[in-house]
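**Student:** Chains A and B supply the protein sequences, listed in that same order.
For the record, in the first sequence the residue sitting at position 61 is 61 according to the working numbering, with numbers rising by one throughout.
Every number in the working numbering is 130 more than the matching position in the second sequence, counting from 1.
These are computed hints drawn from the structure, not numbers from a lab.
Just so it is clear, the structure is predicted and the values come from calculations on it, not from any experiment.
Errors might be hidden in some of the hints.
As the list claims (entries may be wrong) - The list that follows gives simulated cross-link-like pairs (lysine to any residue, SDA-like), each with its CA atoms no further than 25 Å apart:
1) Lys-216/B with Glu-199/B
2) Lys-146/B with Ile-75/A
3) Lys-89/A with Asn-140/B
4) Lys-78/A with Ile-156/B
5) Lys-91/A with Trp-47/A
6) Lys-208/B with Gly-62/A
7) Lys-78/A with Leu-148/B
8) Lys-78/A with Asn-142/B
9) Lys-89/A with Asp-137/B
10) Lys-106/A with Ser-235/B
11) Lys-216/B with Val-9/A
12) Lys-253/B with Phe-204/B
13) Lys-17/A with Ser-150/B
14) Lys-208/B with Lys-86/A
15) Lys-171/B with Asn-10/A
16) Lys-78/A with Asn-143/B
17) Lys-208/B with Asp-7/A
18) Lys-86/A with Asp-137/B
19) Lys-78/A with Gln-207/B
20) Lys-219/B with Glu-29/A
21) Lys-120/A with Val-92/A
22) Lys-219/B with Gly-242/B
23) Lys-216/B with Ile-122/A
24) Lys-221/B with Asp-7/A
25) Lys-236/B with Glu-29/A
26) Lys-78/A with Leu-190/B
27) Lys-41/A with Glu-197/B
28) Lys-16/A with Glu-191/B
29) Lys-16/A with Lys-86/A
30) Lys-16/A with Gly-209/B
31) Lys-236/B with Ser-105/A
32) Lys-78/A with His-149/B
33) Lys-44/A with Met-138/B
34) Lys-16/A with Asn-140/B
There are 2 protein chains.
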Amino acid sequence: MTNNEFDMVNINNQIKKLHSYYSPTIIAEVNNEYVKIAKIKGDKVPWHTHENEDELFYILEGSLVMELEHQEPFIMQKGDVFVVPKGVKHKVNSDKECTILLIESKTTLHTGNVITEITKSIKNQKTHIF
Amino acid sequence: MTNNEFDMVNINNQIKKLHSYYSPTIIAEVNNEYVKIAKIKGDKVPWHTHENEDELFYILEGSLVMELEHQEPFIMQKGDVFVVPKGVKHKVNSDKECTILLIESKTTLHTGNVITEITKSIKNQKTHIF
Chain A
1 MTNNEFDMVN INNQIKKLHS YYSPTIIAEV NNEYVKIAKI KGDKVPWHTH ENEDELFYIL
61 EGSLVMELEH QEPFIMQKGD VFVVPKGVKH KVNSDKECTI LLIESKTTLH TGNVITEITK
121 SIKNQKTHIF
Chain B
131 MTNNEFDMVN INNQIKKLHS YYSPTIIAEV NNEYVKIAKI KGDKVPWHTH ENEDELFYIL
191 EGSLVMELEH QEPFIMQKGD VFVVPKGVKH KVNSDKECTI LLIESKTTLH TGNVITEITK
251 SIKNQKTHIF
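Chain A extracted, bound-state conformation:
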């Protein structure tokens, strides 16, 4: 059965298509937000801030260390959902491979106001799957 003119995606299939770490990939858009998936392994995400946008993290596989400025780091496990409020400086890392779902505004740069070797433009976040 097909869904005719609109596209349905399966998150588990999309995860299999993720071939590199730190490459958020847009799987859907809803209103002003993008839903993205990404794999993280290591500590390459820099401290950064999204001044005007919240960012939701949902752990699909593995676990992730979430660090917020001026707070103790905490561990997110599979199924955990956490929203980094706008304006809060943060970074994430993971010793082992971790797969996450993100909800971010279409205007959000995934490394915020910081450009590093892992920074991808929105255009490049679309290239993997679309």
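For chain A, the structure is supplied; the task is to place chain B on it using the hints.
**Tutor:** This is chain B only, laid out in the frame that chain A set:
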């Protein structure tokens, strides 16, 4: 380890707290959207439209029949993500229990412009967990 001043929720734990069908429950808010979980069993969701808002469906457990006006119904399976674009009349049903995650604008009424026995206000969508 705690996450200090901000709240983290675990979706699997929240699903266990869902005690009735057709009761979308807000688990997070990000920018202008609510993330909700709900269980569906049966065919009580009426045909309805959200004129100005897209609505994202993500199947966490089970399967769901998605019906869009003027199109063949299609089945969503676990892991499937589908966005009902704003203005598209739709309904969903499931013979067996199905657990879904929804992303909806804060202004969205979950049964759109149609009020039925299952319609819940946003306030009532918060009461289960918060």
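**Student:** Give a verdict on every hint.
**Tutor:** Cross-check of the supplied hints:
1. Lys-216/B with Glu-199/B: Roughly 13 Å separates the two Cα atoms, so the pair holds.
2. Lys-146/B with Ile-75/A: Cα-Cα ~22 Å, so holds.
3. Lys-89/A with Asn-140/B: holds, 23 Å
4. Lys-78/A with Ile-156/B: This hinted pair holds, its Cα atoms lying about 19 Å apart.
5. Lys-91/A with Trp-47/A: holds, 5 Å
6. Lys-208/B with Gly-62/A: The hint holds at about 19 Å.
7. Lys-78/A with Leu-148/B: holds, 19 Å
8. Lys-78/A with Asn-142/B: The given pair, whose Cα atoms are some 9 Å apart, holds under the 25 Å limit.
9. Lys-89/A with Asp-137/B: holds, 16 Å
10. Lys-106/A with Ser-235/B: holds, 14 Å
11. Lys-216/B with Val-9/A: holds, 18 Å
12. Lys-253/B with Phe-204/B: Distance ~32 Å between Lys-253/B and Phe-204/B Cα, so the pair is violated.
13. Lys-17/A with Ser-150/B: violated, 36 Å
14. Lys-208/B with Lys-86/A: Roughly 31 Å between the alpha carbons, so the hint for Lys-208/B and Lys-86/A is violated.
15. Lys-171/B with Asn-10/A: holds, 22 Å
16. Lys-78/A with Asn-143/B: holds, 11 Å
17. Lys-208/B with Asp-7/A: Distance ~16 Å between Lys-208/B and Asp-7/A Cα, so the pair holds.
18. Lys-86/A with Asp-137/B: holds, 15 Å
19. Lys-78/A with Gln-207/B: holds, 20 Å
20. Lys-219/B with Glu-29/A: Between Lys-219/B and Glu-29/A the Cα gap is close to 18 Å, so the pair holds against 25 Å.
21. Lys-120/A with Val-92/A: holds, 16 Å
22. Lys-219/B with Gly-242/B: holds, 9 Å
23. Lys-216/B with Ile-122/A: Holds - the C-alpha atoms of Ile-122/A and Lys-216/B are around 23 Å apart, at most 25 Å.
24. Lys-221/B with Asp-7/A: Distance ~17 Å between Lys-221/B and Asp-7/A Cα, so the pair holds.
25. Lys-236/B with Glu-29/A: Roughly 16 Å between the alpha carbons, so the hint for Lys-236/B and Glu-29/A holds.
26. Lys-78/A with Leu-190/B: Given pair Lys-78/A, Leu-190/B holds - Cα atoms ~13 Å apart, limit 25 Å.
27. Lys-41/A with Glu-197/B: Violated, at about 39 Å.
28. Lys-16/A with Glu-191/B: holds, 20 Å
29. Lys-16/A with Lys-86/A: violated, 31 Å
30. Lys-16/A with Gly-209/B: Answer holds: Lys-16/A to Gly-209/B is near 13 Å, not above 25 Å.
31. Lys-236/B with Ser-105/A: holds, 14 Å
32. Lys-78/A with His-149/B: With Cα atoms ~22 Å apart, Lys-78/A and His-149/B stay inside 25 Å; holds.
33. Lys-44/A with Met-138/B: Roughly 23 Å between the alpha carbons, so the hint for Lys-44/A and Met-138/B holds.
34. Lys-16/A with Asn-140/B: holds, 24 Å
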